[in-house]
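Protein chains in written order, with the numbering used here: chain X, 2 to 292; chain C, 13 to 167; chain S, 5 to 438.
Calculated from the structure, these hints are not laboratory results. Cβ atoms here follow ideal geometry from the backbone N, Cα and C, with glycine treated the same way. Take these hints with a grain of salt, some might be off.
Claimed, not checked - DSBU-like mimics (lysine-lysine), calculated; alpha carbons at most 30 Å apart, straight line:
#  : chain 1 : residue 1 : chain 2 : residue 2
1  : X       : Lys116    : C       : Lys156
2  : S       : Lys348    : X       : Lys218
3  : C       : Lys103    : X       : Lys38
4  : C       : Lys102    : X       : Lys93
5  : S       : Lys210    : X       : Lys211
6  : X       : Lys160    : S       : Lys210
7  : C       : Lys136    : X       : Lys269
8  : C       : Lys136    : X       : Lys140
9  : X       : Lys101    : C       : Lys136
10 : C       : Lys165    : X       : Lys98
11 : C       : Lys136    : X       : Lys284
12 : C       : Lys128    : X       : Lys25
13 : S       : Lys181    : X       : Lys218
14 : S       : Lys367    : S       : Lys310
15 : C       : Lys136    : X       : Lys104
16 : C       : Lys156    : X       : Lys38
17 : C       : Lys103    : X       : Lys101
18 : X       : Lys29     : C       : Lys102
19 : C       : Lys103    : X       : Lys114
20 : X       : Lys25     : C       : Lys141
21 : S       : Lys384    : S       : Lys348
22 : X       : Lys244    : S       : Lys348
23 : C       : Lys161    : X       : Lys276
24 : C       : Lys103    : X       : Lys96
25 : C       : Lys128    : X       : Lys269
26 : C       : Lys102    : X       : Lys96
27 : S       : Lys99     : S       : Lys384
28 : C       : Lys136    : X       : Lys276
29 : S       : Lys108    : S       : Lys181
30 : X       : Lys93     : C       : Lys161
31 : C       : Lys141    : X       : Lys101
32 : X       : Lys160    : S       : Lys348
33 : C       : Lys156    : X       : Lys93
34 : C       : Lys156    : X       : Lys104
35 : C       : Lys165    : X       : Lys3
36 : C       : Lys161    : X       : Lys98
To be verified - Quick list of simulated restraints, FRET-style, between CB atoms:
#  : chain 1 : residue 1 : chain 2 : residue 2 : range
37 : S       : Glu257    : C       : His14     : 57 to 63 Å
38 : X       : Trp273    : C       : Ser158    : 40 to 46 Å
39 : S       : Ser311    : X       : Glu145    : 56 to 62 Å
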Amino acid sequence: MKYAFFLGCLIPAREPNYENSIRKIAPKLDIELIEMKGANCCAPFSIQSVDHMSWLALAARNLCMAEQMGLDILTLCNDCYESLLMTNTILKEDKEKLDKVNKILADVGLEFKGKTNVKIFSDALYEDVGLEKVRKTIKNPFNELRVAVQPGCHLAKPKRIHFRQRMGPTSLDELVEATGAKSILYERKEACCGGPLRGVNDEVALHVAKQKLDSIKAAGVDCIVTVCPFCFIELDMGQLEIKRHFGEEYNLPVVSFAELLRMAMGMKLEDWEIKTHRIPITKILDMVEAK
Amino acid sequence: MHEVANTPRGQGVLACIQCGRCTSSCPVARVVNEHNPRKLMEMIILGLRSEVLGGQLPWYCLSCFTCLDRCPQGGDVGEAMFAIRNLTVKKGNIPEGIRTQARSLFETGRVVNASKMALIQREKYGLGKEPVVNIEDVQRILRKTSFDKLITKGL
Amino acid sequence: MQKEVVVVGGGISGIQASLDLANRGFKVYLVEKSPCIGGRMAQLDKTFPTMDCSMCILAPKMIECAHHPNIQLLTYSELKEIKGSVGNFKVKILKKPRYVDEKKCTGCGICAENCPAEAPNEFDENIGIRKAIYMPFPQAVPRLMVIDKDNCVECGLCDKVCPANAVDREQKPEEIKLDVGAIVVATGFDMFDPSAIPQYGYHRFKNVVTAMELERLLCASGPTEGHLIRPSDGKIPRDIAFIQCVGSRDRREWIDHSYCSSICCKYAVKDAVLIKEHEPNSRIVIFYIDMRAFGKGFQEFVNRAKSEFGIEFIRSSPGEITEDPTSNNLAIYFEDPITRTVQKFSFDLVVLCPALIPREGVKELAKILNIELDNYGFLKSEDPVKKPLDTKVPGIFACGYCLGPKTGDIPDSITQGSATATRVAVVLSLKEAS
Numbered sequence: 002m003k004y005a006f007f008l009g010c011l012i013p014a015r016e017p018n019y020e021n022s023i024r025k026i027a028p029k030l031d032i033e034l035i036e037m038k039g040a041n042c043c044a045p046f047s048i049q050s051v052d053h054m055s056w057l058a059l060a061a062r063n064l065c066m067a068e069q070m071g072l073d074i075l076t077l078c079n080d081c082y083e084s085l086l087m088t089n090t091i092l093k094e095d096k097e098k099l100d101k102v103n104k105i106l107a108d109v110g111l112e113f114k115g116k117t118n119v120k121i122f123s124d125a126l127y128e129d130v131g132l133e134k135v136r137k138t139i140k141n142p143f144n145e146l147r148v149a150v151q152p153g154c155h156l157a158k159p160k161r162i163h164f165r166q167r168m169g170p171t172s173l174d175e176l177v178e179a180t181g182a183k184s185i186l187y188e189r190k191e192a193c194c195g196g197p198l199r200g201v202n203d204e205v206a207l208h209v210a211k212q213k214l215d216s217i218k219a220a221g222v223d224c225i226v227t228v229c230p231f232c233f234i235e236l237d238m239g240q241l242e243i244k245r246h247f248g249e250e251y252n253l254p255v256v257s258f259a260e261l262l263r264m265a266m267g268m269k270l271e272d273w274e275i276k277t278h279r280i281p282i283t284k285i286l287d288m289v290e291a292k
Numbered sequence: 013m014h015e016v017a018n019t020p021r022g023q024g025v026l027a028c029i030q031c032g033r034c035t036s037s038c039p040v041a042r043v044v045n046e047h048n049p050r051k052l053m054e055m056i057i058l059g060l061r062s063e064v065l066g067g068q069l070p071w072y073c074l075s076c077f078t079c080l081d082r083c084p085q086g087g088d089v090g091e092a093m094f095a096i097r098n099l100t101v102k103k104g105n106i107p108e109g110i111r112t113q114a115r116s117l118f119e120t121g122r123v124v125n126a127s128k129m130a131l132i133q134r135e136k137y138g139l140g141k142e143p144v145v146n147i148e149d150v151q152r153i154l155r156k157t158s159f160d161k162l163i164t165k166g167l
Numbered sequence: 005m006q007k008e009v010v011v012v013g014g015g016i017s018g019i020q021a022s023l024d025l026a027n028r029g030f031k032v033y034l035v036e037k038s039p040c041i042g043g044r045m046a047q048l049d050k051t052f053p054t055m056d057c058s059m060c061i062l063a064p065k066m067i068e069c070a071h072h073p074n075i076q077l078l079t080y081s082e083l084k085e086i087k088g089s090v091g092n093f094k095v096k097i098l099k100k101p102r103y104v105d106e107k108k109c110t111g112c113g114i115c116a117e118n119c120p121a122e123a124p125n126e127f128d129e130n131i132g133i134r135k136a137i138y139m140p141f142p143q144a145v146p147r148l149m150v151i152d153k154d155n156c157v158e159c160g161l162c163d164k165v166c167p168a169n170a171v172d173r174e175q176k177p178e179e180i181k182l183d184v185g186a187i188v189v190a191t192g193f194d195m196f197d198p199s200a201i202p203q204y205g206y207h208r209f210k211n212v213v214t215a216m217e218l219e220r221l222l223c224a225s226g227p228t229e230g231h232l233i234r235p236s237d238g239k240i241p242r243d244i245a246f247i248q249c250v251g252s253r254d255r256r257e258w259i260d261h262s263y264c265s266s267i268c269c270k271y272a273v274k275d276a277v278l279i280k281e282h283e284p285n286s287r288i289v290i291f292y293i294d295m296r297a298f299g300k301g302f303q304e305f306v307n308r309a310k311s312e313f314g315i316e317f318i319r320s321s322p323g324e325i326t327e328d329p330t331s332n333n334l335a336i337y338f339e340d341p342i343t344r345t346v347q348k349f350s351f352d353l354v355v356l357c358p359a360l361i362p363r364e365g366v367k368e369l370a371k372i373l374n375i376e377l378d379n380y381g382f383l384k385s386e387d388p389v390k391k392p393l394d395t396k397v398p399g400i401f402a403c404g405y406c407l408g409p410k411t412g413d414i415p416d417s418i419t420q421g422s423a424t425a426t427r428v429a430v431v432l433s434l435k436e437a438s
């Protein structure tokens with residue numbers, strides 16, 4: 002399976018280990034990641050808040066690149082997914098907006114034709130690769146790991162675009178459970194981590210993260226598994242900030258879904274990658290070691 | 013109300029029946045009393061233009077879309093938040109954090125750029141240099157949409 | 005041929021249509037899918053606004069149907085095929101085997117007492133159990149037992165203990181052919197499953213129930229003999245919440261019941277007052293978007309509920325419900341309309357008022373009869389203003405909730421039953437004259 006690989010901004014900027022994990026597990030899943038040379042930022046929430054056409058045009062530029070490559074776009078980050086998916090949907094359905102955007106894109110020699118699809122990594126695994134194949138790659142299943150899966154806001158909302166039910170068993174939970182871990186249902190699983198307000202209103206962001214962590218803690222889990230890099234930072238580093246601000250400690254290690262899969266496939270995380278986790282993940286590493 | 017309904021992403025405002033499900037679902041509304049999605053819709057419906065466009069309420073929104081998913085009438089309040097934010101930016105009302113990301117986007121093609129640590133890690137561990145953005149094309153697009161003018165307004 | 009009618013659906017509307025037709029001299033075949041007639045009204049405790057016992061109003065009509073020389077009850081039966089046209093329909097009814105001889109069974113119930121096999125009790129909305137050989141409810145008409153073969157363990161005990169020797173395991177499905185002049189559809193409603201709105205915790209939280217489940221808990225013939233106790237621990241609930249519009253007035257594509265179900269505000273207030281009368285110390289809150297109390301006496305009833313009974317009405321639709329895992333109490337998050345802040349109230353029991361939807365099986369019936377359904381699955385009238393009770397097929401009529409939400413409930417269904425009977429009589433006599 003070949004995809005136009007859309008890295009986004011945050012992962013190269015702050016979480017190169019996430020990229021590393023993806024690059025390591027992709028070949029095992031027969032996924033080929035083709036670089037999108039010159040791709041720009043997807044235009045996430047902050048940019049969409051500034052101007053509507055700027056968002057559509059910027060996102061469309063990336064979509065056009067993928068169209069020219071003749072491939073579907075694969076994203077890692079929920080915000081990139083939302084931005085590109087919504088743009089793709091709007092431009093495929095609204096002729097007026099499409100004409101406006103194509104007028105702008107003409108300046109840079111591009112035209113949106115609606116020929117590509119937007120996929121996020123976990124959905125691509127579930128839909129294109131298939132659970133069976135994923136299961137076959139697992140060498141070190143996590144048999145006793147209780148996981149709180151954080152799907153992130155834009156994995157399945159707005160529902161009318163995604164049309165899938167996200168409380169209870171979902172494709173992401175099934176993928177996590179393919180590694181042997183158990184996905185524990187907790188209250189307000191679909192709630193936001195607070196990430197989008199980081200840098201805009203840190204205090205509110207922290208309060209929201211605290212709500213999230215409280216409900217996760219109440220479920221009694223060993224760790225949190227994220228998809229979106231914003232969620233990762235907010236729930237990982239956020240725990241330290243919450244300790245400073247509120248005095249509350251959770252000691253819940255956070256790993257990205259890609260990392261979980263990587264470890265379950267029998268690959269070890271490197272030291273520099275382990276250090277990027279602010280809350281130590283020794284509990285999980287020990288489980289891997291024990292094999 | 014009709015101004016918002018005719019702004020991109022604002023069309024849901026005509027459907028709102030003020031049931032309050034959005035506010036009771038909003039994670040921020042539980043933390044910040046001022047942030048009340050239902051109240052925003054109410055103010056739009058009542059035509060309180062200066063309050064809506066001058067206030068901070070829309071900038072507390074996380075765009076998590078929980079409100080939107082639970083609204084029984086297709087009020088799309090989460091989308092209306094974007095429409096309001098677009099309108100307030102046109103008036104020069106834009107929080108610093110957003111302006112910083114927007115400027116970074118215009119200057120580098122990304123909302124956030126790699127920290128020194130990340131660059132070192134990339135080089136050291138085989139991920140190659142930071143991906144390059146075609147900044148000329150980005151700036152051409154953003155000049156055409158007057159993005160650059162919007163983010164420097166009010167400065 | 006012309007003077008015979010099939011009525012599909014033995015609820016109050018179908019019963020009324022049958023009685024009016026029978027009293028005019030028509031021969032009526034009342035076809036009912038379940039083992040006995042009665043429909044939704046049999047499940048209710050009391051009806052608003054008079055607070056009369058529902059069964060007390062229904063039972064005499066059911067018995068009249070059973071004894072009427074012009075009415076033949078075909079229970080545990082379904083309409084499977086139809087040919088012909090108005091005045092001359094050839095209809096095939098499939099009668100499911102009860103495995104009990106209708107001529108011998110007296111409904112004494114000794115078989116059920118001895119039966120070892122259990123199954124969820126559908127009449128009680130799956131609260132509590134019934135036996136594999138059972139009578140759906142004590143006042144069932146016809147007063148016959150029925151064996152649910154899916155849950156029967158074939159032990160033969162019922163046969164051994166039956167004093168009338170009425171068990172007949174060899175019974176086969178029976179095909180009944182009828183020549184009738186007209187068909188009346190009166191299939192009623194089901195309740196939408198609120199699990200489709202996961203934030204309200206239905207099926208996840210034990211003490212979140214639907215209004216119909218509440219009715220069964222309140223009803224003296226129900227699983228708790230009329231004592232309102234909460235499902236998790238059997239304690240008497242003191243703080244009770246009603247949530248209106250769970251699925252109704254919901255335009256979201258995956259729910260898609262944009263309509264107002266029209267009776268939920270009324271029955272919620274009725275149930276609230278009933279509970280308050282029983283437990284004066286309870287605190288009852290109704291969370292609503294609009295309080296729709298139109299018609300004779302209903303607004304006054306709502307006013308009384310507030311002033312005399314102290315029922316609290318909060319104009320706010322809750323976003324979500326969470327559960328305390330130890331006490332199984334529920335917390336409802338809502339926006340307080342006065343302070344405009346998000347509040348959390350704790351309740352022992354939460355009652356959801358779900359949207360009312362067409363009965364299961366109506367789609368198939370519509371196909372057989374070649375009648376049209378609207379996009380919600382309710383029957384379409386030939387003309388909603390001029391001929392609301394006629395379907396597009398001449399000779400096929402409808403009455404009751406199968407046509408969709410109506411302005412009242414029981415009185416309206418009874419009214420429509422009578423009106424449809426008149427329509428049948430008119431159309432058939434015109435046909436005869438021509």
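So, going through the hints one by one against the coordinates:
Between Lys116 of chain X and Lys156 of chain C the CA atoms are separated by roughly 25 Å; this keeps the pair inside 30 Å, and the hint holds. Distance hint between Lys348 of chain S and Lys218 of chain X is fulfilled; the C-alpha atoms sit about 20 Å from each other, no more than 30 Å. The hinted pair formed by Lys103 of chain C and Lys38 of chain X fails the criterion: a straight-line CA distance of about 36 Å is larger than 30 Å. Among the hinted pairs, Lys102 of chain C with Lys93 of chain X is consistent with the structure: their alpha-carbon atoms are about 27 Å apart, no more than 30 Å.
Proximity of Lys210 of chain S to Lys211 of chain X is assessed by CA-CA distance (about 28 Å); at most 30 Å being required, the pair is judged to hold. As the CA atoms of Lys160 of chain X and Lys210 of chain S are separated by approximately 27 Å, the hinted pair is consistent with the 30 Å bound. Of the pairs offered as hints, the one joining Lys136 of chain C and Lys269 of chain X holds, with about 18 Å between alpha carbons and a cut-off of 30 Å not exceeded. A hinted pair counts as satisfied when its Cα atoms are at most 30 Å apart, and Lys136 of chain C with Lys140 of chain X qualifies at roughly 28 Å.
Restraint check for Lys101 of chain X and Lys136 of chain C: not satisfied, since their Cα atoms lie roughly 44 Å apart, outside the 30 Å limit. For the suggested pair Lys165 of chain C and Lys98 of chain X, the alpha carbons sit about 25 Å apart, so the restraint of at most 30 Å is met. The straight-line distance between the Cα atoms of Lys136 of chain C and Lys284 of chain X is roughly 27 Å, inside the 30 Å bound, and the hint therefore holds. For the proposed pair Lys128 of chain C and Lys25 of chain X, the alpha carbon gap of about 23 Å is at most 30 Å, so the pair holds.
Restraint check for Lys181 of chain S and Lys218 of chain X: not satisfied, since their Cα atoms lie roughly 65 Å apart, outside the 30 Å limit. Between Lys367 of chain S and Lys310 of chain S the alpha-carbon distance is near 41 Å, which puts this suggested pair outside the 30 Å criterion. Our distance criterion of 30 Å between C-alpha atoms is broken by Lys136 of chain C and Lys104 of chain X, whose separation comes to about 43 Å. Distance hint between Lys156 of chain C and Lys38 of chain X is fulfilled; the C-alpha atoms sit about 22 Å from each other, no more than 30 Å.
Taken as a hint, the Lys103 of chain C and Lys101 of chain X pair is honoured in the structure, with Cα atoms around 23 Å apart against an allowance of 30 Å. A hinted pair counts as satisfied when its Cα atoms are at most 30 Å apart, and Lys29 of chain X with Lys102 of chain C does not qualify at roughly 49 Å. Proposed proximity of Lys103 of chain C and Lys114 of chain X is contradicted: the alpha carbons are some 34 Å apart, above 30 Å. Under the criterion of a C-alpha separation no larger than 30 Å, the hint pairing Lys25 of chain X with Lys141 of chain C is consistent with the structure, at around 18 Å.
Between the alpha carbons of Lys384 of chain S and Lys348 of chain S the distance comes to roughly 43 Å, so the proposed pair goes past 30 Å and is violated. Distance hint between Lys244 of chain X and Lys348 of chain S is fulfilled; the C-alpha atoms sit about 26 Å from each other, no more than 30 Å. A C-alpha spacing of about 41 Å is found between Lys161 of chain C and Lys276 of chain X, which places the hinted pair above 30 Å, so the restraint is violated. For the given pair, Lys103 of chain C sits about 28 Å from Lys96 of chain X by alpha-carbon distance, which is consistent with the 30 Å threshold.
A threshold of 30 Å between alpha carbons decides the hint, and for Lys128 of chain C with Lys269 of chain X the separation of about 25 Å falls inside it, so the pair holds. Between Lys102 of chain C and Lys96 of chain X the alpha-carbon distance is near 25 Å, which keeps this suggested pair within the 30 Å criterion. Between Lys99 of chain S and Lys384 of chain S the alpha-carbon distance is near 27 Å, which keeps this suggested pair within the 30 Å criterion. Between Lys136 of chain C and Lys276 of chain X, the direct Cα distance comes to roughly 15 Å. Compliance with the 30 Å bound is thereby established for this hinted pair.
For the hint linking Lys108 of chain S to Lys181 of chain S, the alpha-carbon distance of about 24 Å falls within 30 Å, and the restraint holds. Of the pairs offered as hints, the one joining Lys93 of chain X and Lys161 of chain C holds, with about 29 Å between alpha carbons and a cut-off of 30 Å not exceeded. Using a Cα cut-off of 30 Å, the hinted pair Lys141 of chain C and Lys101 of chain X is violated, with the two alpha carbons roughly 35 Å apart. Under the criterion of a C-alpha separation no larger than 30 Å, the hint pairing Lys160 of chain X with Lys348 of chain S is consistent with the structure, at around 26 Å.
With a C-alpha separation of about 22 Å, the suggested pair Lys156 of chain C and Lys93 of chain X falls inside the 30 Å cut-off, and the hint holds. For the suggested pair Lys156 of chain C and Lys104 of chain X, the alpha carbons sit about 10 Å apart, so the restraint of at most 30 Å is met. Annotation: proposed proximity of Lys165 of chain C to Lys3 of chain X is violated, straight-line Cα distance about 43 Å (limit 30 Å). Annotation: proposed proximity of Lys161 of chain C to Lys98 of chain X holds, straight-line Cα distance about 22 Å (limit 30 Å).
Separated by about 25 Å at the C-beta atoms, Glu257 of chain S and His14 of chain C break the suggested range of 57 to 63 Å. Distance hint check: the CB atoms of Trp273 of chain X and Ser158 of chain C are about 43 Å apart, consistent with the given range 40 to 46 Å. In this structure the hint that Ser311 of chain S and Glu145 of chain X lie 56 to 62 Å apart at CB holds, the actual value being about 59 Å.
In this structure, the hints that do not hold are numbers 3, 9, 13, 14, 15, 18, 19, 21, 23, 31, 35, 37, in rising order.
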